[in-house]
Amino acid sequence: MRSNTVGWLMLAPTIAILAVFGIAPFIYVLYVAFHHWNPFGADPLMTYNGANNFRRLVFDREFLLSIAVTIKFAFFAVVSEIILGYLLAQLFMREFPGRGLFRTVHTLPLIVAPIVVGSVWRLMTTPSIGIIPYLLKTWFGYDLNIGRDAGAAFLLTVIMDIWHWTPLVTLTLLAALLSLPKEPFEQAQIDGANRWQIFWHITLPMIRPAILATVFIRLMDALRTVDEVWMLTSGGPGAATRYVGLHIWKIVFPKTDYGYGAAISVIVLYLTLVMCWLLYVALVAPRQKKEAE
Amino acid sequence: MEHHVDPDTAEDRQTDQRPVRRTGFLPIRTNWFDRLFVGIYLFVALELFWMRFLEQSIPLTVCHVLAIALGVLIVWRG
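So the sequences go chain by chain: A and B. Going by the numbering used here, the final residue of the first sequence carries number 1228, and the count climbs one at a time with no gaps. Going by the numbering used here, the final residue of the second sequence carries number 133, and the count climbs one at a time with no gaps.
Errors might be hidden in some of the hints.
[Said to hold, decoys possible] Example chain A residues on the side facing chain B (calculated, C-beta under 10 Å, incomplete):
{"hint": "1", "residue": "L992"}
{"hint": "2", "residue": "F1151"}
{"hint": "3", "residue": "Y1205"}
{"hint": "4", "residue": "L1208"}
For the record, the hints were derived by calculation from the structure and aren't laboratory data. For every residue, glycine included, the Cβ atom is placed at its ideal position computed from N, Cα and C.
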């Protein structure tokens, strides 16, 4: 049997699962996006309406606002997670007492379900019973109320996401750092390079693929965050934390406007792909140019 | 005259069936699938932009023609 045939046969189960659970639902969502479909409304039949759902969303202020807020959230969360994750990974590279225990405790948030994370943070930030408003009031005289203060609500959703997902970044970057050879670092030290030069010219280029993969995973996750934020703020106050996932949920479930919800989902997928591709180009193009020179 | 064949190189040549990458006017080296992907991105972006800002004065059909032409140009020369 030719090696190509064997390869395709071995890939067949994965391709079948991908087709059934990935591609077929996507095609169906795309199909629904070009229809008016409100199964619980006055006209429950699915009727073709061309690009009207897309025409509607480019004028929908709530949707455009939710996109802007989501991008802001994803930017602050992912950048903070990468920086903190790298610093923690560097910390775990060193020997210190209780390193094993600290490493275990540090990864615990990863195994907590997002909905539970949201509930816990809700309890911790509820005025009059939460520990965080109590401590902020006692130490700094600051009155934290995420039901009223839009800025604080946004900041808390970012902090919650950082708390939940930084361990993932740490583990990925730690694995990348541990796999690096020692020779280039020793040679750089012999040549008199300082720590910043070693980081910028050796460490960073060598762990670039790991950083890129981590950024992609976290960016895609941050752009579709729903449950944590739903539990913590329910998208409020006003629309301050109404991220696009929450917006879609509100369109599809309470309003049962499936066609418009599908159109928004397709555009969000499109934006996620565009952002990842632009990021990929920004990080890969300079290296290709350098190699060509 | 004896003809020497490097077995590693010959095997690589046989098994390396990746699409050919080249540099066009896009800022990175791409294969045809990358360029098709970029073409679809720009098609959607142009359609949405047109619906938001230009459709009141110029029909969407013009946008379809322009977007398809742009897509073909990117796949061909990108």
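Here's how the hints hold up against the structure:
no., hint, verdict
1, L992, "8 Å, holds"
2, F1151, "15 Å, violated"
3, Y1205, "6 Å, holds"
4, L1208, "7 Å, holds"
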